[in-house]
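Student: Here are the chains, one letter per residue:
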Amino acid sequence: MSSSSQPVKTLSLPEKLGLVSYRNQSKSEIKPHIRVKTEICNSTCPHQCTTYVCPANCYTKDDLGKVHFQVEDCIECGTCMYACDQGAVSWEFPDPEIGRGVTWNFG
Amino acid sequence: MEDKFDCIIVGAGVAGLAAAMTLARQNMKFLLIERGEFPGSKNVSGGVLWGTDLHRLVPEYWKEDAGWERYIQHRRLTFMDEQSAFSIDFKSSHFQEPPYTGVVVLRSRFDRWLAEKVQEAIDASDYAMDSFIATDILVEDLVHDEHGQVVGIRAGEEEFHAHCVILAEGVNNLLTRKAGLQEAYVPADHMLTGVKEIIRFDQAVLEDRFQLHGNSGMSNEFIGYATNGVEGGGFLYTNRDTISIGLVLGLKDLREKNQKPYDILNHFKTHPAIADMIRGGEVVEYSAHVVSSGDNRVMPKKLSKGGLMVCGEAANLLLNAGKAIQGMDYAMRSGILAAEQAVASKASGDFGESAMKGYEKALNDSYIMKDIRNFQDAVHLLHDPVMTSKMPNLICDFGRNFFSIKNQPTKKSRAMLHDSIQKHASYWDLLKLGARGAKAL
Ligand SMILES: Cc1cc2nc3c(=O)[nH]c(=O)nc-3n(C[C@H](O)[C@H](O)[C@H](O)COP(=O)(O)OP(=O)(O)OC[C@H]3O[C@@H](n4cnc5c(N)ncnc54)[C@H](O)[C@@H]3O)c2cc1C
Ligand code: SF4
Ligand code: SF4
Numbered sequence: 001m002s003s004s005s006q007p008v009k010t011l012s013l014p015e016k017l018g019l020v021s022y023r024n025q026s027k028s029e030i031k032p033h034i035r036v037k038t039e040i041c042n043s044t045c046p047h048q049c050t051t052y053v054c055p056a057n058c059y060t061k062d063d064l065g066k067v068h069f070q071v072e073d074c075i076e077c078g079t080c081m082y083a084c085d086q087g088a089v090s091w092e093f094p095d096p097e098i099g100r101g102v103t104w105n106f107g
Numbered sequence: 001m002e003d004k005f006d007c008i009i010v011g012a013g014v015a016g017l018a019a020a021m022t023l024a025r026q027n028m029k030f031l032l033i034e035r036g037e038f039p040g041s042k043n044v045s046g047g048v049l050w051g052t053d054l055h056r057l058v059p060e061y062w063k064e065d066a067g068w069e070r071y072i073q074h075r076r077l078t079f080m081d082e083q084s085a086f087s088i089d090f091k092s093s094h095f096q097e098p099p100y101t102g103v104v105v106l107r108s109r110f111d112r113w114l115a116e117k118v119q120e121a122i123d124a125s126d127y128a129m130d131s132f133i134a135t136d137i138l139v140e141d142l143v144h145d146e147h148g149q150v151v152g153i154r155a156g157e158e159e160f161h162a163h164c165v166i167l168a169e170g171v172n173n174l175l176t177r178k179a180g181l182q183e184a185y186v187p188a189d190h191m192l193t194g195v196k197e198i199i200r201f202d203q204a205v206l207e208d209r210f211q212l213h214g215n216s217g218m219s220n221e222f223i224g225y226a227t228n229g230v231e232g233g234g235f236l237y238t239n240r241d242t243i244s245i246g247l248v249l250g251l252k253d254l255r256e257k258n259q260k261p262y263d264i265l266n267h268f269k270t271h272p273a274i275a276d277m278i279r280g281g282e283v284v285e286y287s288a289h290v291v292s293s294g295d296n297r298v299m300p301k302k303l304s305k306g307g308l309m310v311c312g313e314a315a316n317l318l319l320n321a322g323k324a325i326q327g328m329d330y331a332m333r334s335g336i337l338a339a340e341q342a343v344a345s346k347a348s349g350d351f352g353e354s355a356m357k358g359y360e361k362a363l364n365d366s367y368i369m370k371d372i373r374n375f376q377d378a379v380h381l382l383h384d385p386v387m388t389s390k391m392p393n394l395i396c397d398f399g400r401n402f403f404s405i406k407n408q409p410t411k412k413s414r415a416m417l418h419d420s421i422q423k424h425a426s427y428w429d430l431l432k433l434g435a436r437g438a439k440a441l
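From first to last, the protein sequence lines are chains A and B. Numbering-wise (my numbering), the first sequence opens with residue 1 and increments by one. Numbering-wise (my numbering), the second sequence opens with residue 1 and increments by one.
Keep in mind that the hints were calculated from the coordinates and are not lab data.
Calculated lysine-lysine pairs in the DSBU-like style (CA-CA distance at most 30 Å, straight line):
| # | chain 1 | residue 1 | chain 2 | residue 2 |
| --- | --- | --- | --- | --- |
| 1 | B | K305 | B | K361 |
| 2 | B | K302 | B | K357 |
| 3 | B | K257 | A | K37 |
| 4 | B | K357 | B | K301 |
| 5 | B | K91 | B | K390 |
| 6 | A | K31 | A | K66 |
| 7 | B | K346 | B | K305 |
| 8 | B | K301 | B | K370 |
| 9 | B | K439 | B | K370 |
| 10 | B | K323 | B | K370 |
| 11 | B | K63 | B | K323 |
| 12 | B | K423 | B | K439 |
| 13 | B | K370 | B | K305 |
| 14 | B | K260 | A | K61 |
| 15 | A | K9 | B | K260 |
| 16 | A | K9 | B | K257 |
| 17 | B | K390 | B | K406 |
| 18 | B | K323 | B | K302 |
| 19 | B | K357 | B | K305 |
| 20 | B | K178 | A | K37 |
| 21 | B | K370 | B | K432 |
| 22 | B | K91 | B | K439 |
| 23 | A | K31 | B | K178 |
| 24 | B | K4 | B | K361 |
| 25 | A | K27 | A | K66 |
| 26 | B | K411 | B | K423 |
| 27 | A | K66 | B | K260 |
| 28 | B | K439 | B | K390 |
| 29 | B | K257 | A | K66 |
| 30 | A | K31 | B | K260 |
| 31 | B | K323 | B | K439 |
| 32 | A | K61 | B | K257 |
| 33 | A | K37 | B | K260 |
Ranges of calculated distance between the beta carbons of each label pair, as one might list FRET restraints:
| # | chain 1 | residue 1 | chain 2 | residue 2 | range |
| --- | --- | --- | --- | --- | --- |
| 34 | A | T44 | B | R25 | 53 to 59 Å |
| 35 | B | N374 | A | G18 | 41 to 47 Å |
| 36 | A | N57 | B | N296 | 29 to 35 Å |
| 37 | A | E92 | B | R436 | 36 to 42 Å |
Below, a sample of chain B positions facing chain A; criterion: calculated Cβ distance under 7 Å:
| # | residue |
| --- | --- |
| 38 | R35 |
| 39 | S41 |
| 40 | N43 |
It should be emphasised that the depicted structure is a prediction, and the values quoted were computed from it without experimental measurement. Here a beta-carbon is modelled for each residue, glycine too, at the ideal position from N, C-alpha and C.
For reference, chain A alone in the conformation it holds in the complex (with noise of 0.2 Å):
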C-alpha cells in the first residue's frame, strides 16, 4: 500500500496536544491565566459542563466525580469563559512574559 492509501491516524487528545508549541515552557512557575472557584464545580454546578467542552481539556474529574483545572494545557480558545454560567472561571489573557498560552504554526 503506498503512503497515500494510508487512512489518516486518529489522534488522542493528548497525542492532538503534543502538536501545539507553548509559551514559556522552560519556565517552571507560570501564572495562571484562568482561576477558576472549584468550590462551586464541587457543589451547586448542575452541568460540570466544562469537563467536557474545553477542547483541551483542562477541566477533569477525579474518581471521586470531583472537579479539577489545570491550566497548563490551555489552548486560549474562550470556550470555558462562556460555558461556565456559574460564575467559576475568571478569564484573562496569559501574561506573554510569564503566562503559558499558545505560539500556533498555523493557525
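With chain A held as given, fit chain B with the ligands onto it using these hints.
Tutor: Structure of chain B with the ligands alone, referenced to chain A:
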C-alpha cells in the same frame, strides 16, 4: 504632547492590521499592539478570506507568492448522513481571474505577512520612526480622561496615550467589556467553539486529489452528520500542501448534549467521504477558538464612545448563514472604516463621542451591517434542529434512491422524494422550513 499617538490599535489580527494599513497610508502616527509573539501567532480561522478587500489593502497581492495559500475556484456544500454525502458543487473558470472571490489563509502566516506589508507602509510614511507595531505586549486596560473619554491604554505599569483607540481584540473582547460596551459575562447561547486540524500531504497528492492546478483551491462546507447532532457545521479548505479541516459547534448545544469537541472532530474524519479525502495525510496541528454565531443578539450595545471604536469580531461582526463563514472580510472592512474615522477626526480635531459615531454610521451603511441584518433569519435557520439532522438525512436518503439503479422499475423522482420525506420528516416540517428558507435567503 510629543509622544501622543494619533491612534492606538489593540490587536494585530485581520481587523487591527487593516486599520493599521489604512492609518499608515494616510500618514497617521499610530501604535499597533499585539499580545502574541508575532501577529497571527494567537489566531485561528477556517479560513477563507472572502471578497476583494485584500486587493484594496495590498494591491495585486496575487503577484506575490506569499501570505495566502490558494484562491477559491471550486466551492462545495455537502449534506451528510452517516454513510452518504450529497453535494452542491460549483467550479468555474470565472473564479480563476484576480481579484479572486476568496483566498484560503492560515492566520499564523497570513497575519504575519500582512504585518510586514504594514511595516513597509509605515516606513514609507512621515512617521517611519514614530509609528510602531509592538508585539508581546498585553493591553490590560483603557485610560480615560476626566470626562470619560478614552485617551490611551495601559499595559503593566506603562501607559500609552493617543487621541483615540481602536479595539480589534477579537471575539474574546475583554476590553470591550471593560469599556462597558458589552456585558462582562456573555452567555454561551449564541457562541460556537471551532476545532480544527491541519493535515499535511505531499503537494502533488493534494493537487491531484482535489483537482487543483497552480494556486487554485477548494472550499467545502458540511451540514449534518459532521457535527454528530450538535448545531453547527464542518469545513474543509485546501492550502498549499495542507488542508484545514474542522467544525464549528454551538456551545449551548454542546453543553446540553454532553459532547466533547475533539471527539466529534474525530468522528467527522471517519465519515467515508471525508476519510477518502484525507487519506495519506498527517495531522500537524490541532487548534480551537471560539467564534460568534453572528446572531445580532450578542452584538455589543454600542461600537463606539468618546475616543474609542470597536471593530472586527470584537464587535461580533460575523455571518455564518451556512454557505460560508464571513468573519475575516468583516474584520478587514470594519478595521478600514474605523481607521478612516480616525483620519477624519484628526483633520477636524474632534475625537468625541459624536465624531466616533461616524464610524458606526459608516459601518451601518456598509455591506457588513446590511448583510448581518438581512440574513438574521438564515443564521437562526442554520441553528434549527431540523437543519442539524432531519434535512441532511432526508437529502441523503433521496440521493441514495435517485442515484441507485436496481434492474427494477424505478420510481419517479417525486415519489422518491415523497418516500424520503415520509421517512425523515413531515411535509409540515418542510413547509415550515421552506417558508423560512425562502424568507431567509
Ligand atoms: C474554526 C474557525 C473557522 C473560521 N472560519 C472562517 C472562515 O472561513 N472565513 C472567515 O472569514 N472567518 C472565519 N472565522 C472567523 C474569523 O476567524 C474571525 O472572525 C476573525 O479572525 C476576526 O478577526 P479579528 O481581527 O477581529 O480578531 P482576531 O483574529 O481574533 O484578532 C484579535 C487579535 O487581538 C489580539 N489581542 C486580543 N486582546 C489583546 C490585548 N488585550 N492586548 C493585545 N493584543 C490583544 C489577539 O492576540 C489577536 O491577534 C473562523 C473562526 C474559527 C474559530
Ligand atoms: S461549568 Fe463552571 S462551575 Fe461548572 S464545573 Fe465548569 S467551571 Fe465549574
Ligand atoms: S480557554 Fe479553552 S482551552 Fe483554555 S481552559 Fe478554557 S476551554 Fe479550555
